[in-house]
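Novice: So the protein lines, in turn, are chains A and B. Per my numbering, the very first residue in the first sequence carries number 31; after that it's consecutive. Per my numbering, the very first residue in the second sequence carries number 31; after that it's consecutive.
Please note: incorrect hints may appear among the correct ones.
[Unchecked claim] The calculated label-pair distances, taken between Cβ atoms and stated as ranges, are:
1. Q85(A) x M655(B): 23 to 29 Å
2. L43(A) x R628(B): 44 to 50 Å
3. T633(B) x Q85(A): 39 to 45 Å
4. L123(A) x V619(B): 41 to 47 Å
5. A646(B) x L43(A): 16 to 22 Å
6. Q85(A) x V619(B): 56 to 62 Å
The hints are simulated quantities; they were obtained by calculation from the structure and are not laboratory data. In this text the structure is predicted, and so the values were computed from the model without any measurement. C-beta: ideal position from N, C-alpha, C; glycine also.
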Amino acid sequence: MMISLPMTHGLILAGILFALGLVGVLVRRNIIFMLLSIEIMLNASGLAFITAGAQRGDPDGQIMFLFILTMAAAEVSVGLALILQFYHRFKTLDADAADRMRG
Amino acid sequence: MIQWLWIIPVLPFTGFLLLALSGARLPRRLVAVVGAGSVGLSAMAALMVALDFLTGTSPHAYKQTLWVWWRVDGFQPAVTLYLDSLSVVMILVITVVGFLIHLYSTEFMIGDSGYSRFFAYMNLFVGFMLILVLADNLVFLYLGWEGVGLCSYLLIGFWYKEPRNGYAARKAFVVTRIGDTAMAVGLFLLFNQLGTLHIQDLMMRAQQTWPSGSIYPVAAALLLLGGAAGKSAQLPLQTWLPDAMAGPSPVSALIHAATMVTAGVYLIARTHVLFTLAPKVMALVAILGAVTLLLAGFSGLVQRDIKRVLAYSTISQIGYMFLALGVGAWAAAIFHFMVHAFFKALLFLGAGAVIQALDEEHDMFKMGGLRQQMPVTFWTFLIGSSSLSAIPLITAGFYSKDQIIWLAYSSVFGSGWLWAAALAGALLTSLYTFRLVFRVFFGSPRSQIKHHPGPAIKISLVVLAIFSIAGGFIELPKSLGNLHLFSDFLQSTLPSPLVAKGRGALETMFEIISMAVSLGGVFLVYLFIFRMPRLTQRLAQSSMGAFLYKFWFGGWGFDTFYDHLITRPYVWVARVNRHDFIDGLFTAVAWINRTGYRTIRRTQTGRLRGYAMGIAAGAILIIGMAVLL
Chain A
31 MMISLPMTHG LILAGILFAL GLVGVLVRRN IIFMLLSIEI MLNASGLAFI TAGAQRGDPD
91 GQIMFLFILT MAAAEVSVGL ALILQFYHRF KTLDADAADR MRG
Chain B
31 MIQWLWIIPV LPFTGFLLLA LSGARLPRRL VAVVGAGSVG LSAMAALMVA LDFLTGTSPH
91 AYKQTLWVWW RVDGFQPAVT LYLDSLSVVM ILVITVVGFL IHLYSTEFMI GDSGYSRFFA
151 YMNLFVGFML ILVLADNLVF LYLGWEGVGL CSYLLIGFWY KEPRNGYAAR KAFVVTRIGD
211 TAMAVGLFLL FNQLGTLHIQ DLMMRAQQTW PSGSIYPVAA ALLLLGGAAG KSAQLPLQTW
271 LPDAMAGPSP VSALIHAATM VTAGVYLIAR THVLFTLAPK VMALVAILGA VTLLLAGFSG
331 LVQRDIKRVL AYSTISQIGY MFLALGVGAW AAAIFHFMVH AFFKALLFLG AGAVIQALDE
391 EHDMFKMGGL RQQMPVTFWT FLIGSSSLSA IPLITAGFYS KDQIIWLAYS SVFGSGWLWA
451 AALAGALLTS LYTFRLVFRV FFGSPRSQIK HHPGPAIKIS LVVLAIFSIA GGFIELPKSL
511 GNLHLFSDFL QSTLPSPLVA KGRGALETMF EIISMAVSLG GVFLVYLFIF RMPRLTQRLA
571 QSSMGAFLYK FWFGGWGFDT FYDHLITRPY VWVARVNRHD FIDGLFTAVA WINRTGYRTI
631 RRTQTGRLRG YAMGIAAGAI LIIGMAVLL
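The shape of chain B in the complex, shown without the other chains:
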C-alpha cells in the first residue's frame, strides 16, 4: 500500500483540474462530490499508507522517486516523495482535517456564486500542502511552499468584488514574500556551500562539515527562520494574518489555522539539524515565539471581530510552537501543531457557523445567548475553546501546551523567563478565549438567528470536537500516566529534547501551576463579564485602559509602524522619482532618434524635381571625385 504514496497529492490536484476546467458547468452537487471527495479519498489513502508505515517492518523512511525534475550540471532535483514519521503526522492532519473542512464547506458555501471556484482553489491548496510536507528536497518543498502561498492569496481575496478583501490578499502575499525571499537566499547559500538540496543529505553534510555555532549554519538557519516567520505569521512578519480573515471561514480554518501557517514550524522541525548547529538562532526562535505569543495574546484580548480574536490566537499558539522548537522540543511542537489543527479548525468552523447564522455579523458584542439557539455549535465551540485554553486533564490542548510550558523551563535551552512568558501566555489564552465564549454564547440573546447549520456542518464540528479531546491522550506527562506514543513515533525523525533540570516533584508542581493559571483565567473572565461588568467598563474607559485598548486593538501599532517605516518612504520616493532618472537614459536614446528623424524628414519633399536634383548632385559629386582624386 505504501507504494501508492503518490496518489495522496495527485488526488487533490485531479480534483482541482476537473473543477477548474469544467466546474462552472457542473451542477453544485457534483462539484461538492468532486471537491470534497478528492480530499476524502486522499485522506483514506493517507490513512492506509500510515497504517502500512506503522505496521510495516520497513526502515524509518520510505522514498518514492517519480521522475527527475530537471538536470543542470549535476544538480538534479527529483520529484521525490519522502515519508517518515514527521510527514506521516503532517499528511494525516492535512488530509483528515482538510476533508472535514471540505465537507463543512459543501454546505457552508452553497449559496455562493463561486462554488466551484472555491473548491478548485481549496483542492489546489491541499495538493500543494501535501507536496510541501512530502518533498524530499528543498526545491520541491519550495514549490509547495509558494503554491500554498498562491492559494492563500486566491482564497483570502475569494470575494474579490470587495476592494478591502483584495487589499488583505495582497498584503498577505507581499508580507509572506519577504520571508520567502529570505528562505530562497537560504537555499542558495545551502546549495552553494554543501552542493545538494536533498534534505537528508544536506543535514548529514551540514553536520559533518560545519562546526557548531560557525557562521554558515547561523546564516542558513537565520534565513530559513525568515521564511518560517513569514509563513507562520511570527514577529516581525505577523501583520498579515489578522487581515487574512477577509476570506471565507473554511479558508481561515484550513489555511490560516490548521495547515499553511504551521508550515514554518514544519520547516524548522524538518531542518532541525541545521538549527542545532546554530544554538544562537535556536535561542532567537524561542524568544521570537515567546514574544509573539505574548503580543498576539494581548491583541486578542481586545478584538471585537470574532474571527480576528481567533486569528490573534493562532499567531499566539504558533508562538508556542516556535517556543518549543527554540528549546529543542521538536516533537512537542509537532504535537501542539496537530492538536492546534484540530481545535483551531473547529473554532473557525464554529465561528463561521455563528457568523452565517447571524447573517454575516462579525462583532461579538452584537451576539449573545446563542447557547440555546445553536446547541451543537455551542458545545463543540466550548470543547474547542477548552482545548485552546488548556483546561486540565480532559482536553488535548492541555497535554500539548503543558508539555511545551514544562520544556520551556526544563530543557537545556530553556529558562525561567521563557517559562514565565509561556505561562503568562496561557493566562491570556484563557482570558481571550472565554471572553469570546461568554460574549457569543452566554448572556441575553441580542439577535435572532436566521440560518440553522445543517448536517454537513454539524458532522464536521462534532468529529473535530472528538479529536480536540481525544487527540491529547496519546502523550501524557510523567505524573499522569507517562505515555509517549506520539514522541516515540517521532523519535526516528526528531530527537527528544535534552532535559537539564527539574524532575519528578518539580514537574508536578509546574503542572499544577499551569492548571491553576488556565482555570484561573476562565474564572477571571467570568468575574469581569458577569459579576463586575461596571469595573470592566471603568477599566476600559480610564485613560490608561483606553490607550492600551487602542494600542492592542491595532496589533501593537505594527501596521502603523511599518506604514511609516517602509510604505510611506517608498511612496514618497516613488512620487519624487516619478520621472525615473534611469528612464532618462532610455528617453535620451528616443530623443536622439526622434530629432534625427525630424531633420532628415525634411529632405523627403515628395517633389519629383527635388529627387532629380538629388540624383544629379550625387552623380556630379561622384564623377567629380572620380576625376579629381
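The following block holds chain A by itself, in its conformation from the complex:
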C-alpha cells in the first residue's frame, strides 16, 4: 500500500535542499564543501523533477533525473581534478585564495 504524499511536500523539500545547497556555496570557503553543496543543489532539482513526474504519472521526470545523475558524475570527476590542481598550486582549499583575476 502506497501512502501518497501531496506534491507540495516533495517540492518544499526540494526547495529547502536547494536553498541549503545555495547557502553552502555562498558561505563556505572550503572548495570541497562548495562542490558538495553543488551536488546537493543538483539532487534537489532532481527531486523536484521526480516529484513533478510522479504527480503527473509521467516517466519523463525520472528520465530527467537520470540525466542529472550522469551530468553530476561527470561534473564531480572534473571538479575533483580541478580541486586537486587547485591544491597543488595554492597549498590550501580556501577558494578565496584564488583571486588573481581581481580587476
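Fit chain B to the supplied structure of chain A, relying on the hints for placement.
Specialist: Quick look at chain B alone, frame taken from chain A:
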C-alpha cells in the same frame, strides 16, 4: 620636334629618380653625369623645341595633353603642357641657366658628403619649375608652384646639421606658404565664379563676364598677387629671402635668383588679362614693386655678407619686374627677368667661388684685392655687376632696366613718382653693387686664397658673362637702334604696353638721365671708398648714420615687426592656452570613462563566492520579477 615637348620636364625628373633611388651608391663622377646631364639634355631638347616653335608655321601656341589628371563632376584638370612664346622664354632660361649652374655645382659641391642628394634635389627643382611654366591649367601650375617651394625648403636647409639653416628653411617655407594660401583661395574663387581653371579659357571668360574694375577680378587679382608676392619675396612677404642664403651658393643662384623667385612675375604675366580687368590692383603691383625695390636697395647698401647683398639686390630687381608688370609693360618684365637670370646667377656663382676660395668667408670686409688672384672670377663678376648696375650701352641690364624706367613714366599706368622711384633704385643698385666689387676685388689683399676655381666653374662663369652682355642686344630702345625682337616675339602672348606720353626727344633725355645715374653711382662709391674713406667712416659713426645702418642692416625692422606682431602674440597665446580649452571636451569624455571603469572595476573581485552571489541574486531577481509582475 615640338611633339617631344614632354621630354623637357621628364628628363630632370628621371635624373631625380635615379639619384634619389641609387645615388648614394653611385660614384661621384656618375652622379655628376646624371645630375648635370639630365638638365643638359633637357636644355638641348628645349633649344630644339624652341627652334621648331620659332621656325614652324604653327599657330602661336602648342598644346600637348598627356593624360587627364582626375575627373570630378565635370572638372577635369589634365596634365597638359602649353607652349607659347612666354613659356618658350621661360623654359629656355630655366634649362640653360639651370644646366650651367648644375655644371658649376659638379665641381663646387665635390667635397660635400651629400653630393648625390644635392643633385637629386636640384633635378627635382628643375622638373617642378618646368611644370610651373609649362602648365596649361592653374591646378597643374599649382603643383609646380608647391613643388619648387618644397625644393627651395630642402635646399636652403641642405646643410641641415646647422640648426640655423633649418630655421632659415622653415622660415622660407612658412612665409611663402602665407602667399600660397592666398593664391589657393584665389584659385577657388576663379573656379567658383568662372567654372574652369584652364588658363586660356579662364582669361577669355573673365574678359567676357566681368566688367573692368568690378569686385571679382579685383579680389582674384589681389589673391594671386598675394601668392606672387610670397614667392617673389616682395613687400610684405620679403623677409625670407635674405635668410634663404643659408643654402649652398648654386642653390641661391638657381632658386633664389634666376628661376623660382621670379615665378610670381611669371604668374602675373600669365594671368595679365585678370590684372588688366583690375586697374587698382595693377597700380598696387606697381607701388609694391617700387617700394620694395627702394627698401631692398637701402638694405643691400649696408650688408656685410656678400650673399646677403646679392639677396637684397634680387628682391630689389624683382621689384623692378613688379613695377614693369604694374604699368602694363609685360614684355619688359619678362625681358628683365631673363637678363636678371643671367647676371644674378653669374653673380651668385662668382660669390660662391670667392667664398669657397677664402674658406667659407662671407664677410666682404675681410676680403680684398682678389683681382689678381682670381682673374676669371673677377672679370666675370665685374661683367655681372655692370649688368646689374645697368652700365650704359654695353650691358644687357642697361637695356632691360632702362626700358622699365622709361615705361614707368610713359605708360598710361605710369607716373612721375614711379619713374623717380625706379631711378633712385638704379642709383642704389650701382652703389651697393660696386661697393661689393670694390671691397672684394680691389684694395689690398687681406687673406690668401686656398682654393682655385677649376674648369667647370670657369666655363659656367664665362658663358653666363657672355649672356649678361649679349642678352641685351635683342631689344634696343628707339634712340639706339630701335630693335624689338624680344617684345615682338612675346607679342602673341603679352600685349605691348600702352604708351601715353612722351616720345622721341623726351625718351632720349630720360635715357641720358638714367645712364648718368648708374655711372654716377659707381663714381660715388669710388669716391667714398677710395678717395674719402674718412668721411665714409664718420658718416657711419654719426648717430644718424649708425641708426640707419642698424635699421637697414636688419631689413627695415620687418623681422622685429613681424616678431612682435605675429610670432610673440602667437607664442603667448600658445603658452596661456597650453591646456587647450577645447581639449577639455575630449578629456571630459576620457574622465567619464575612467571614472566609470574605476567604479565598476570594484565588482570584479576575483572571488568565486562573489560571482556565485551575483548569479544567485540575479536569478532571484528575475524569478521574483516573473512571479510578481
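Novice: Next, verify each hint and record whether it holds.
Specialist: Evaluation of the provided hints:
A hinted range of 23 to 29 Å for the beta carbons of Q85(A) and M655(B) is consistent with their spacing of about 27 Å. Judged by the Cβ atoms, the range 44 to 50 Å given for L43(A) and R628(B) holds: they are separated by roughly 46 Å. Against the hinted window of 39 to 45 Å, the Cβ-Cβ separation of T633(B) and Q85(A) comes to about 41 Å, which satisfies the hint. Taking 41 to 47 Å as the suggested C-beta distance range, the pair L123(A) and V619(B) conforms, at roughly 46 Å.
Judged by the Cβ atoms, the range 16 to 22 Å given for A646(B) and L43(A) holds: they are separated by roughly 20 Å. Roughly 59 Å separates the CB atoms of Q85(A) and V619(B), a value that falls within the hinted 56 to 62 Å.
The structure shown violates none of the earlier numbered hints.
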